[in-house]
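Position chain L against the provided structure of chain V, taking the given hints into account.
The lines below spell out each chain.
There are 2 protein chains.
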Amino acid sequence: MQYYDDLEIGDTKEFGEYEVTKAEIVEFAERYDPQPFHTDEDAASESAFGELVASGWHTASICMRLLVEGTLEEQAAMGARGVDELRWKRPVTPGDVLSVRTEVLDKRVSESDPRRGYVDTLLEGRNQHDEVVISWIGLGMIERRSPDG
Amino acid sequence: MQYYDDLEIGDTKEFGEYEVTKAEIVEFAERYDPQPFHTDEDAASESAFGELVASGWHTASICMRLLVEGTLEEQAAMGARGVDELRWKRPVTPGDVLSVRTEVLDKRVSESDPRRGYVDTLLEGRNQHDEVVISWIGLGMIERRSPDG
Numbered sequence: 078m079q080y081y082d083d084l085e086i087g088d089t090k091e092f093g094e095y096e097v098t099k100a101e102i103v104e105f106a107e108r109y110d111p112q113p114f115h116t117d118e119d120a121a122s123e124s125a126f127g128e129l130v131a132s133g134w135h136t137a138s139i140c141m142r143l144l145v146e147g148t149l150e151e152q153a154a155m156g157a158r159g160v161d162e163l164r165w166k167r168p169v170t171p172g173d174v175l176s177v178r179t180e181v182l183d184k185r186v187s188e189s190d191p192r193r194g195y196v197d198t199l200l201e202g203r204n205q206h207d208e209v210v211i212s213w214i215g216l217g218m219i220e221r222r223s224p225d226g
Numbered sequence: 078m079q080y081y082d083d084l085e086i087g088d089t090k091e092f093g094e095y096e097v098t099k100a101e102i103v104e105f106a107e108r109y110d111p112q113p114f115h116t117d118e119d120a121a122s123e124s125a126f127g128e129l130v131a132s133g134w135h136t137a138s139i140c141m142r143l144l145v146e147g148t149l150e151e152q153a154a155m156g157a158r159g160v161d162e163l164r165w166k167r168p169v170t171p172g173d174v175l176s177v178r179t180e181v182l183d184k185r186v187s188e189s190d191p192r193r194g195y196v197d198t199l200l201e202g203r204n205q206h207d208e209v210v211i212s213w214i215g216l217g218m219i220e221r222r223s224p225d226g
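The listed protein sequences derive, respectively, from chains V and L.
Start counting at 1 in the first sequence, then tack on 77, and there's your number in this note's numbering.
Start counting at 1 in the second sequence, then tack on 77, and there's your number in this note's numbering.
Please keep in mind that the hints were generated in silico from the structure rather than gathered at the bench.
Where hints are given, some of them may not hold.
[As the list claims (entries may be wrong)] Quick list of simulated restraints, FRET-style, between CB atoms:
(1) L:Ala125 x V:Tyr95: 23 to 31 Å
(2) L:Val174 x V:Arg158: 21 to 29 Å
(3) V:Gln205 x L:Ile86: 35 to 43 Å
(4) V:Glu208 x L:Glu107: 24 to 32 Å
Virtual Cβ for every residue (Gly too), placed ideally from N, Cα, C.
One chain only, chain V, in its complex shape (with noise of 0.2 Å):
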């Protein structure tokens, strides 16, 4: 297991594999972003987009998904505050093979529980063409290994 302590500025990380097809992306947006570009190829057409593409908030359930699974399951992970400058880089359309870059920013103790501590970590997801096509700033909260650092 993963603690604050063990994380240092700076650290990158590259891992996940996840085909993002069609039918998800209609199935994610008719429940959640019901707009005709991603729930309706022909009406997609006529957008500005030109084409089906995902939900923006789809894109980052799966890097989520991602980032569970290639980081989060091995730290004592105590959820986030929320996210900063979050960005849509470029559509994700049906075939797109994602995975996900993390690198730490900064961390530091928090000064109200010196039992955790606040971590910042710029996550990227990128195709495969190996281009970014969302980027955000998590405010991850992590259980320290021990209270005396």
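Positioned in the frame of chain V, the structure of chain L alone reads:
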């Protein structure tokens, strides 16, 4: 249909009602955010949360659904570049009923394409006790009614 030209800084709107069930919390989390405090009631009771809580990405996706139904469906929306200051302020638990409040913070015409405008919108998701559970600033794009303004 509402265009860039119809939106004013300071415009506010409140809308939506979405009951978050335990089944949906677990279903979303098993697929996209399989951390124990999102997927397993027993594990959640031993976590810092003390009970099963929705994935933050699930809460965001539910608010997106309300946003599409309450606003975007009647707008010439062209998607979003991203989101700033996404914050999960309180846990969302089974039985919570979410609604949404939006406020237009800023608007400006695109310099590269006078047919589109940028609109920054604060979104707050609230529970049935009127407590803010999530907030973000959406960086949206929307068509102009006419390029001459």
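Here's how the hints hold up against the structure:
At roughly 28 Å, the beta-carbon separation of L:Ala125 and V:Tyr95 lies within the given 23 to 31 Å, and the hint holds. The hint said 21 to 29 Å for the Cβ distance between L:Val174 and V:Arg158, and at roughly 24 Å that hint holds. For V:Gln205 and L:Ile86, the Cβ-Cβ distance of about 41 Å falls inside the hinted range of 35 to 43 Å, so the restraint holds. The supplied range of 24 to 32 Å is met by V:Glu208 and L:Glu107, whose beta-carbon atoms lie about 29 Å from each other.
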